[in-house]
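Please take these sequences and the hints and turn them into a complete structure.
Number of protein chains: 2
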Amino acid sequence: MKIMVGGTFDPLHDGHRLLIKRAFDLASPDGKVIIGLTNDTFANRKVHPIHPYNERYKDLVRCITSLNTDVPWEIEELHDQYGSSLDTDFDALVVSEETFPVGKNINHLRRERGKPCVEIHMIRCVLAEDGRWISSTRIWRGEIDIHGKIIQKEEKSE
Amino acid sequence: MKIMVGGTFDPLHDGHRLLIKRAFDLASPDGKVIIGLTNDTFANRKVHPIHPYNERYKDLVRCITSLNTDVPWEIEELHDQYGSSLDTDFDALVVSEETFPVGKNINHLRRERGKPCVEIHMIRCVLAEDGRWISSTRIWRGEIDIHGKIIQKEEKSE
Numbered sequence: 001m002k003i004m005v006g007g008t009f010d011p012l013h014d015g016h017r018l019l020i021k022r023a024f025d026l027a028s029p030d031g032k033v034i035i036g037l038t039n040d041t042f043a044n045r046k047v048h049p050i051h052p053y054n055e056r057y058k059d060l061v062r063c064i065t066s067l068n069t070d071v072p073w074e075i076e077e078l079h080d081q082y083g084s085s086l087d088t089d090f091d092a093l094v095v096s097e098e099t100f101p102v103g104k105n106i107n108h109l110r111r112e113r114g115k116p117c118v119e120i121h122m123i124r125c126v127l128a129e130d131g132r133w134i135s136s137t138r139i140w141r142g143e144i145d146i147h148g149k150i151i152q153k154e155e156k157s158e
Numbered sequence: 001m002k003i004m005v006g007g008t009f010d011p012l013h014d015g016h017r018l019l020i021k022r023a024f025d026l027a028s029p030d031g032k033v034i035i036g037l038t039n040d041t042f043a044n045r046k047v048h049p050i051h052p053y054n055e056r057y058k059d060l061v062r063c064i065t066s067l068n069t070d071v072p073w074e075i076e077e078l079h080d081q082y083g084s085s086l087d088t089d090f091d092a093l094v095v096s097e098e099t100f101p102v103g104k105n106i107n108h109l110r111r112e113r114g115k116p117c118v119e120i121h122m123i124r125c126v127l128a129e130d131g132r133w134i135s136s137t138r139i140w141r142g143e144i145d146i147h148g149k150i151i152q153k154e155e156k157s158e
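Chains E and G supply the protein sequences, listed in that same order.
With our numbering, the residue at position 115 of the first sequence is 115, and numbering never jumps.
With our numbering, the residue at position 133 of the second sequence is 133, and numbering never jumps.
One thing to keep in mind: the hints can contain errors.
Where chains are identical, the list cannot tell them apart; a pair therefore holds if satisfied intra-copy or between any two copies.
In silico lysine to any residue, SDA-like type, Cα no more than 20 angstroms apart, as pairs [claimed, not checked]:
no., residue 1, residue 2
1, K104, G131
2, K2, D25
3, K115, L18
4, K104, C125
In short, the hints are calculated from the structure, not lab data.
If you're wondering where the values come from, they're calculated on a predicted model, not measured in any experiment.
Below is the structure:
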């Protein structure tokens, strides 16, 4: 199957890792994975500062190569939420609970263009040590690390 | 991965076949598939008459064996929408666009019980020849067959 997935991946945390791993699991060796990576202009709509595209690109490549996968893949620069997903022929989209609505929009817009809709695989929420979601914003605020480990404020102030 | 999927499967049409096939695709050979089949009391809430459990069970087994799969599986009798999905440890649920809300409820109720949420794989809509969805109701009305082929009214009245 040909699978698409997308994001800003900044910083690339364990939730992103599951998202990317699942895309490759679903693809099967004769399939392909397209990973959309938001460009700096689009990514900078976020509430916190974003690392430059090139740095995020390198982290993403490091994450993919660590999977030791035989599945072909490519990274696509995203100028908006959709990239080539509205016009490309592919089979399934991998999303988080947070980005599921984007997946639904993609199918809605594909239907309007006369394209077949795609399957949507929503991964489970990846929780931090405190039972709340891992998110880039929480990492940026210094509450947790990329694996969801609580950062002790006491240690930081010493 | 351990996968769950459920339905009334009456009559078992091409949309159901994709649902069941995808559950086995996701499971991987070391995984397992649990297929929930609604019992007659629960199934009879539908707007149209339902074939007895035993007949639906046999059709379901025929569909599964036609996949020639090595993945272990079992059929669970469903007395309600959820069956054992609220308490069992499993990895992902396969749903259609129509049953996606049930999947969301399952995760919501699992969280309330302190169980980890599961991944939800929503298959694409399977369309009939006329571009509209294949559904049991449309088949029951005699509009289409189980493969989505339009049934010509003229032929029927001859």
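Hint check results:
Taking CA atoms no more than 20 angstroms apart as the test, K104 paired with G131 passes between copies only; the shortest distance there is 19 angstroms, against 27 angstroms inside one copy. For the identical chains of this complex, K2 and D25 are neighbours both inside a copy (11 angstroms) and across copies (14 angstroms), given an alpha-carbon limit of 20 angstroms. Within a single copy, K115 and L18 get their C-alpha atoms only as close as 28 angstroms, which misses the 20 angstroms cut-off; across copies the closest is 19 angstroms, which meets it. Taking identical chains as interchangeable, the C-alpha atoms of K104 and C125 lie at most 20 angstroms apart whether they share a chain (18 angstroms) or sit on different chains (12 angstroms).
Against the hints set out earlier in the document, no violation occurs for any number.
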